[in-house]
Amino acid sequence: MSVAELKERHIAATATVNALRERLKQRRQALLDTDVAGYARSHGKTAICFGSTDLVCCRTLQGHTGKVYSLDWTLERNRIVSASQDGRLIVWNALTSQKTHAIKLHCAWVMTCAFAPNGQSVACGGLDSACSIFNLNSQVDRDGNIPISRILTGHKGYVSSCQFVPDQETRLITSSGDQTCVLWDVTTGQRISVFGGEFPSGHTTDVLSVSINSSNSNMFVSGSCDATARLWDTRIASRAVRTYHGHEGDVNAVKFFPDGQRFGTGSNDGTCRLFDMRTGHQLQIYSQQHGNNDNDVPIATSIAFSISGRLLFAGYSNGDCYAWDTLVAEVVLNLGSLQNSHEGRISCLGLSADGSALCTGSWDKNLKIWMETVVLKLMVERMAFH
Amino acid sequence: MEAAAAAGSEAPPPPAPRSPPGYPDLCGRHRLQVEVQILNWEIGFLGQEELESLEGLQSVSGYCKEVNEYVGSHADPLVPLTKKRRKSCRIWRWLWAKLCFNMSWICCFCGCPCPQRRPICTCRHVKNCCCRCRHCGCPNKNCWKASCCRPCCSLRSLSCPECSCGCVWSCSKFTETCSCLKCSSTCCMSRCLCE
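Residue numbers (my numbering), protein chains in the order written: chain A, 1 to 386; chain B, 387 to 581.
Calculated from the structure, these hints are not laboratory results. Here the structure is a predicted model, which means the values were calculated and not measured. Check the hints yourself; a few may be wrong.
A short list of chain A residues far from chain B (calculated; beta carbon distances all over 10 Å) [what the hints assert, rightly or not]:
1. Asp33
2. Asp54
3. Ser129
4. Ser149
5. Arg150
6. Gly189
7. His281
In silico lysine-lysine, DSSO-like type, Cα no more than 27 Å apart, as pairs [claimed, not checked]:
8. Lys451/B <-> Lys45/A
9. Lys156/A <-> Lys67/A
10. Lys99/A <-> Lys67/A
11. Lys25/A <-> Lys67/A
12. Lys451/B <-> Lys25/A
13. Lys104/A <-> Lys156/A
Covered stretches of chain A, as calculated for chain B (at least 3 residues, CB under 8 Å) [what the hints assert, rightly or not]:
14. 18-31
15. 151-160
16. 174-185
17. 249-261
18. 299-309
19. 368-378
Beta carbons: idealized from backbone N, C-alpha and C, even for Gly.
Just chain A, with the same shape it has in the complex:
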């Protein structure tokens, strides 16, 4: 076939794809009779009322000497691992704010970290295009550093996000600037599956985040600079199960809703969105009004749902950290305006396993832990009693 014929076919195929996408969009629009907020209001729901002292900063974790980029909680025992531009991972006791481990990394350009389900290992990755695993129980080397127990190499671009598969200690999923996600066997260091890349229906540019479905760990969702989120089945690497359109900028963060049937996203377009995993419907947009200048819109960098799903916490590039009432799509609290709030961009955040505490990480080099006041007092009393 000649180049001219190929070009004609390319133009025709592109037009067909665009027409099909438009048809899909219209079909979805026809089913969009309401959104979550519209439904909730029609059933008498009102926004949660937060007093100025209902949610307080009860801990500031100080110790990093560079911007904090990522954090993760353990499933139990309330420990947090954080990764920073200072080239260190720090493991914190969230209750006492004491550091239990400080790991100096070979590559200082770390972008992500994660705790293993058993809390005995941590993983991290970044511009070295690899994911390093550290066993916290290892003997330190001559320099007093914890040695790498395994290094997962194979990505052809930076590692932007990593997460251990919840019920499998030996499996880990990474996302990368090479447009792929990879499922790894941590014990052997081998890639089990590659999602995207050469295969069609993969992301067409850098992948920035992953979230594994805790209700069904075979499913995970990824967010990308191509402004889409994609759902993957770890058993079928050849293509994405579904692609979710709607955002108008990089999708920086994805996180499953607690019921495992929906997920949230945060984007450079300044909005967060809630999608239905099975159907692809966009159920809600969480967006604030801003000035006409697009440069004024702070980007959503990180998101997390509270344990019931009632609250969506979203960190932004201007230091704001909104608590959205997910049902009525209103901001009910801005942690950035509270006492002892961060002084820089919120880069990461996460809920503890029992949902009682939120940890935020920032470019101001600190992490902060937030709790509801009554729950905090109960916890303190319980600790004192024991």
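Fit chain B to the given chain A structure using the hints.
Here is chain B on its own, set in the frame of chain A:
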């Protein structure tokens, strides 16, 4: 000389850069082929799977209902108590405060109705009653003097600033070396939570 002049007039033009030869654009052709293949795949996927999957789907309101139901059926430690419950708590506390003014020695033993009382007493006259000492094991349960509550300072064993990095409590009166009124030792918690 004439020959030389003739030769000079017929001198070859100076060298000039030439366009590269027209090699076949193999890389571009291959790339086009791959792109057309991907587009054809996507046409098949969109046409067969995506559009077909929309057939029989219920409208978005059905899924919004699922979200509402899920949220409504799960407790959330980060969501504060409702305003309605708080109002009733305040009324009771006001009432008990009035009564406790003359009966402070029993205000936290006879059953303050504030639902937040246990294990923390929110009675406004806490400094005059031993509800905290009761948990600390103060032997003199009927004593209402503040000095009786010295064992409560065991709270300071938890996360005092000198043991950790930057323990900060969101209390307007907190200082890193705030003193426990009861026993004058450094403590980072009891004062804030007595409010």
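Unmet hints by their number, sorted upward, for this structure = 1, 2, 7, 11, 15, 16
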